[in-house]
Amino acid sequence: MPSDLIDKLRLELRRGTLTVAVLAQLRAEHYGYTLRKALADLGLEIDEGTLYPLLRRLETQGLLTSEWREEDKREKRFYKLSAEGRTILKQLLDEWRALNGALDNIV
Amino acid sequence: MSTLVDHYLLQLKSLLPAKQRDDIAAELRESISSAVEERERAQGRALTDAELNEVLRGFGHPMVVAGRYLPMQQLIGPDVFPLYWYVLQAVLIVIAVVGGLFAGVALLTAPRAMQAALQVAVHFWWLALQAAALVTLAFAVLDHTKARFSFLDNFDAAKANAGILGVRAAPLSAIARSDTVFEIATTALLLAWWVEWLVFPSEWLGVVLRLSPAIEPFFYPVLVLCVVELLRLGVDLVRPYRTVPRVALRLALNLVWLALFVLAFRTPGLVEIAENVRSENPERVLRIAQSSMKVTLAVLSLISAGLAATDLVRLFRR
Numbered sequence: 001m002p003s004d005l006i007d008k009l010r011l012e013l014r015r016g017t018l019t020v021a022v023l024a025q026l027r028a029e030h031y032g033y034t035l036r037k038a039l040a041d042l043g044l045e046i047d048e049g050t051l052y053p054l055l056r057r058l059e060t061q062g063l064l065t066s067e068w069r070e071e072d073k074r075e076k077r078f079y080k081l082s083a084e085g086r087t088i089l090k091q092l093l094d095e096w097r098a099l100n101g102a103l104d105n106i107v
Numbered sequence: 001m002s003t004l005v006d007h008y009l010l011q012l013k014s015l016l017p018a019k020q021r022d023d024i025a026a027e028l029r030e031s032i033s034s035a036v037e038e039r040e041r042a043q044g045r046a047l048t049d050a051e052l053n054e055v056l057r058g059f060g061h062p063m064v065v066a067g068r069y070l071p072m073q074q075l076i077g078p079d080v081f082p083l084y085w086y087v088l089q090a091v092l093i094v095i096a097v098v099g100g101l102f103a104g105v106a107l108l109t110a111p112r113a114m115q116a117a118l119q120v121a122v123h124f125w126w127l128a129l130q131a132a133a134l135v136t137l138a139f140a141v142l143d144h145t146k147a148r149f150s151f152l153d154n155f156d157a158a159k160a161n162a163g164i165l166g167v168r169a170a171p172l173s174a175i176a177r178s179d180t181v182f183e184i185a186t187t188a189l190l191l192a193w194w195v196e197w198l199v200f201p202s203e204w205l206g207v208v209l210r211l212s213p214a215i216e217p218f219f220y221p222v223l224v225l226c227v228v229e230l231l232r233l234g235v236d237l238v239r240p241y242r243t244v245p246r247v248a249l250r251l252a253l254n255l256v257w258l259a260l261f262v263l264a265f266r267t268p269g270l271v272e273i274a275e276n277v278r279s280e281n282p283e284r285v286l287r288i289a290q291s292s293m294k295v296t297l298a299v300l301s302l303i304s305a306g307l308a309a310t311d312l313v314r315l316f317r318r
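So the sequence lines, in the order shown, correspond to chains A and B. According to this note's numbering, the first sequence is numbered sequentially starting from 1. According to this note's numbering, the second sequence is numbered sequentially starting from 1.
Same shape as in the complex, but just chain B (with noise of 0.2 Å):
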């Protein structure tokens, strides 16, 4: 037999799993052999290396038709598909629109802009791709566990109906999953910031930046809203409409943050120089961050209150 199928069984085997490798290509080889043969006949004459390839290309590309041996195999499968795709998105979103602060940032006040604002760029190039990386991995496993206990298939509408804790309640209104989604991916990276998991890039200042321990009396209360603000989040996204508790508990828990917010404000000092790198004057680097951070405080207290009024509106108008 030509060098041709040689050559293609061989790409062929080196993509087959040891054990059916000789058998696939015994067979192919076979099949191969009995079609030439009959173009062969039909012809009259031995065929030429370009009608043998295409005999070749009627079987496939070798790692085609390796790949149809191979057990079907999926990362994630489209059950669960459409909602990592959701989640992707808003964390890569979320993390651009920060990254993209940061850039500018970088651009107008760094000593080398550019030069800065690449560094964010890189900087948070690497934050997406892990935090990519994490939420695959996360939906894989809700994919195969979803597989192995198959509680997709196990839906009961009664029991999503029981509200939470088995409260029931009536709905008010629909959640919109895009809100729920952006909300998550949000609280996420500011808990990951919070508990030092994520560290934001500071060294373009010409300083390293860090939370002075005037915060420490705020660690635990944020940790803890961060933790239950996900629960929360998490159990919009399993059952996407208000109901009264719930949205009570979202007015309880922005007007908790609005207190945080408002101390946070009030608190002198809540960033310090860890290093000095390269700047020539720290001390005008310092007053911009604690501006920006008052700035940043300033409008996340304003967020709140306006969310805590949404859901007081919310509750009246019942």
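Bound-form chain A, shown alone (with noise of 0.2 Å):
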């Protein structure tokens, strides 16, 4: 089926790129929904089934922190980028720029 071929490349190709994503859009702080949508206005749409088990295993690896805080009267959990985080988005960033440029240069 061409229309599941081109669903299963899609996500092999979004897979690494939202972590990219999500990796830099927290040099900011953000808790889950503020996150989704700020990704959504900047043009990546991700579901929050998706994105919240990818913050807890970005968290795992050490990449994230977080925090539970009140804010407009409800509990709610606040992500940023770690040290640590910070270091390895550097080189994602870096590895991603190449890549771009060479795809660039093969299409």
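These are computed hints drawn from the structure, not numbers from a lab. The structure presented is a predicted model; accordingly, all values stated were derived computationally and were not measured. Using N, Cα and C, we set each Cβ at its ideal position, and we do this for glycine too. Worth double-checking, as some hints may not be accurate.
To be verified - Heads up, simulated BS3-like pairs for lysine-lysine below, C-alpha to C-alpha not over 27 Å straight-line:
1) K73(A) / K13(B)
2) K37(A) / K73(A)
3) K80(A) / K13(B)
4) K13(B) / K37(A)
5) K73(A) / K19(B)
6) K37(A) / K8(A)
7) K90(A) / K80(A)
8) K37(A) / K90(A)
9) K80(A) / K19(B)
10) K37(A) / K80(A)
As the list claims (entries may be wrong) - Footprint (simulated), chain B over chain A, 3 or more residues, beta carbon under 8 Å:
11) 42-49
12) 72-82
From the two separate chains plus the hints, produce the assembled complex.
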């Protein structure tokens, strides 16, 4: 099925870039909902069922830190990039730029 | 918050690890609340259950969402899976063919043909399930070992070309992996039957058959041959090409098989009746079983002779 195939390939293509986008967006502190909105406003839609587990995984890997805090009378979990996450993000962005450049040359 | 959301989060919590359960549910509840509030602000009214349902659908099925929080796990990884799938199919095909033969014989010879064929089918169905479980377990262990010792990552082409036991030999031709896998499945089945780990059904004949003491002189030679064959086939699987020493080894093994099959063919009374369940004419059943054994041995002798002749030609052509 061509549509199944394109969905699968699109998913593969997005998987790595979502991680980079989330890390980059968390240079400024966000909680889940505002992070998703910010990414969507910048053109990258990500559903909640993907975003929240990804945030947990990145936190477990030490790339993010989080804390529960009250805002607008509700407890929210705020995430931001850790020092290690900052280093990794820089390396990932270098890698992404190199890939992007190479791909531009190829296509 | 609506009971719809409570139910959603309860379903999700039941699928999450205990340590993270409350924390994840609290975060998702907050996120759902934010999404609901935003839509309510935009519409200037409270959401209906249908609209709330739509919001929850955006989050995904609780099982899918919970699965994404769990660490990525797999029983057999993508490196090992293609070989696993291949071996599993080969084992199941060999069992299906042997089972089909037994069922066919049961249909043609048993007094209650349909019942006998069904008994045989059920027997082989269980055998296939056990074999599939064993193969899966073996490959899961292989995958785990590979992940732990990363031996597939440390591939060394120079070592792989060293031949068997370091003896360098120029490859003669490629061996089809399908042939090797089918030979392994057949030899493993023969070995399992030989050491009585596997019992082929015979109750449908009205008697329980077993190998007679006349088979005893053959026990250890066949056992050793099966083990050597499996080792040889294991090498074929890892290094799928023929070399002179390996062709010579297969030739020698087939000559030994041929000698054993001929000797067994000439030995009378290899099968005997262990128990008469309900047969009115057990002597006739025994005669049929012994004749079947002779025919099988004759066919196996021809196969061994054919394989030995092929290997001889390969060595001469070189």
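message: Checking each numbered hint in turn, tell me which of them this model violates, lowest number first.
response: none
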